Amino acid sequence: MGRNPEKEWIHGLLAITASLLLLAAAPRRDLFKGAVDLVGEVLRYPEYPAVFIERTAKKFAFWFTDRNVLQDRLNTLKEENERLQLAWSMETAKNLRKELDGFVRYARITLREPLSWWSEVRINKGLRDGVVVGAPALQNGFLAGRVSAAEDRFAWVELLTSSSLMIPVVIEQTRDLGVVAGDGDGGIWLLYVPENRMLTKGMLVSTAMVSEALPPGVPLGTLSSERRETSGGYIAWKVIPGASLSQLYALEVLGSNGESALPARSPVAREVRRSSGL
Amino acid sequence: MIYLVSWYVQDFFWVLGSGKVLVPEFFLLALVFLSLFRFEDGVTIFWAAFLGGVLWDLRWIGFPGISSLFYIGTLMIVRWIWYSIPVSGRTVSFFGFLFWCANVPTALGRIFLWGARGTDIFYTHLFQQSYILPIVLLACAAYAWRLKNRDV
Numbered sequence: 001m002g003r004n005p006e007k008e009w010i011h012g013l014l015a016i017t018a019s020l021l022l023l024a025a026a027p028r029r030d031l032f033k034g035a036v037d038l039v040g041e042v043l044r045y046p047e048y049p050a051v052f053i054e055r056t057a058k059k060f061a062f063w064f065t066d067r068n069v070l071q072d073r074l075n076t077l078k079e080e081n082e083r084l085q086l087a088w089s090m091e092t093a094k095n096l097r098k099e100l101d102g103f104v105r106y107a108r109i110t111l112r113e114p115l116s117w118w119s120e121v122r123i124n125k126g127l128r129d130g131v132v133v134g135a136p137a138l139q140n141g142f143l144a145g146r147v148s149a150a151e152d153r154f155a156w157v158e159l160l161t162s163s164s165l166m167i168p169v170v171i172e173q174t175r176d177l178g179v180v181a182g183d184g185d186g187g188i189w190l191l192y193v194p195e196n197r198m199l200t201k202g203m204l205v206s207t208a209m210v211s212e213a214l215p216p217g218v219p220l221g222t223l224s225s226e227r228r229e230t231s232g233g234y235i236a237w238k239v240i241p242g243a244s245l246s247q248l249y250a251l252e253v254l255g256s257n258g259e260s261a262l263p264a265r266s267p268v269a270r271e272v273r274r275s276s277g278l
Numbered sequence: 279m280i281y282l283v284s285w286y287v288q289d290f291f292w293v294l295g296s297g298k299v300l301v302p303e304f305f306l307l308a309l310v311f312l313s314l315f316r317f318e319d320g321v322t323i324f325w326a327a328f329l330g331g332v333l334w335d336l337r338w339i340g341f342p343g344i345s346s347l348f349y350i351g352t353l354m355i356v357r358w359i360w361y362s363i364p365v366s367g368r369t370v371s372f373f374g375f376l377f378w379c380a381n382v383p384t385a386l387g388r389i390f391l392w393g394a395r396g397t398d399i400f401y402t403h404l405f406q407q408s409y410i411l412p413i414v415l416l417a418c419a420a421y422a423w424r425l426k427n428r429d430v
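As given, the protein sequences belong to chains A and B, one line each in that order. Going by the numbering used here, the letters in the first sequence line up with residues 1 to 278, in that order. Going by the numbering used here, the letters in the second sequence line up with residues 279 to 430, in that order.
No wet-lab data here; the hints were simulated from the structure. One or more hints might be untrue.
As the list claims (entries may be wrong) - Straight-line C-alpha distance at most 27 Å; calculated DSS-like pairs for lysine-lysine: (1) A/Lys201 with A/Lys238; (2) B/Lys298 with A/Lys33; (3) B/Lys298 with A/Lys59; (4) A/Lys78 with A/Lys94; (5) B/Lys298 with A/Lys58.
Note that this is a predicted model, so its numbers are computed, not measured.
Here chain A stands alone, though its shape is the one from the complex (with noise of 0.2 Å):
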């Protein structure tokens, strides 16, 4: 079958007269109401899997942007969070400061340096407060170091820890004479103490008086079990120290009359020293 053009023309002519008409007609939409309505209602059937896979790709659309929001709302608060801890932790800081700074006989720990943790620290008083360089400096009641060296406004303290560190001392329960020295890596030893001595774990650590600066009878801690058997026929014992190494912020500094060489800064307590004749 050949092709007819003037066939085709009419039926082109008569398709768009047709498609003219309802076009007029398009304007009355009650005419074609019933027939979208029809044709709405047949297609929801085949139209179903492409409505699926839109609705299926809306929800993962929102699930997503859901979760990125919420990511950047985590993020947000991560950021927020981490401010409010610094804000927090230079605010705690500054009251720690002013607290220790209120304390008047207390040196405040200005530096410790970590090459030389175990060894030293620095003191925020010196020489004008009355500290003096072989001074006991104190925590808690415990002994923690002495000083070093002294300049106006600063000190050195020299720890228990630090290797170059040795003072004598004597176990209370026993009257055993020996002498402490630090690890340089955390730990203190009582050294020279004979093998045939009775020790026990648990045994006070002071100070002996076999020393011009440093008073007798400052607590310095307990002997642990753990020993080892040194040259010489002698036993090396761990002391566990009473002073806390690993949370030192302030030291009390010794005088040598055995009090503190730390003035009292308040106008009460130096009326008191005046009139007690300190």
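Since chain A is already given, all that's left is putting chain B on it; use the hints.
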């Protein structure tokens, strides 16, 4: 069957795009493709275009007659141009050009009815044409394959 499938494909994508994306005129492109391929099926294609257009208008536009008018007008012009030129002039590139151009009036009309105005029409049209490019290339390949087979 091709008429039905192409109409359904267009309808499917329209539902999928939920009216937010202008889908290509699959039905019209199928009609144009068939009208360029099938020399003798002009009358059938015209009435298929009329029915498909009216159905589309009843389903989506609510203004019956407008799509069918565009479809039939486009098909008549395309067939007139295509069969007016000598067989030697019916090259693949001309086929592609005509195939592409055939969807432009309907696409522009659709964009206008969709609500785009001013330069938005241009941008939306360009965007829509980008979907059509692969279809045009496929149609050109089919035509080239047919020409090659005919030569053999």
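The hints, checked one at a time:
no. : hint                   : verdict
1   : A/Lys201 with A/Lys238 : holds (9 Å)
2   : B/Lys298 with A/Lys33  : holds (24 Å)
3   : B/Lys298 with A/Lys59  : holds (17 Å)
4   : A/Lys78 with A/Lys94   : holds (24 Å)
5   : B/Lys298 with A/Lys58  : holds (13 Å)
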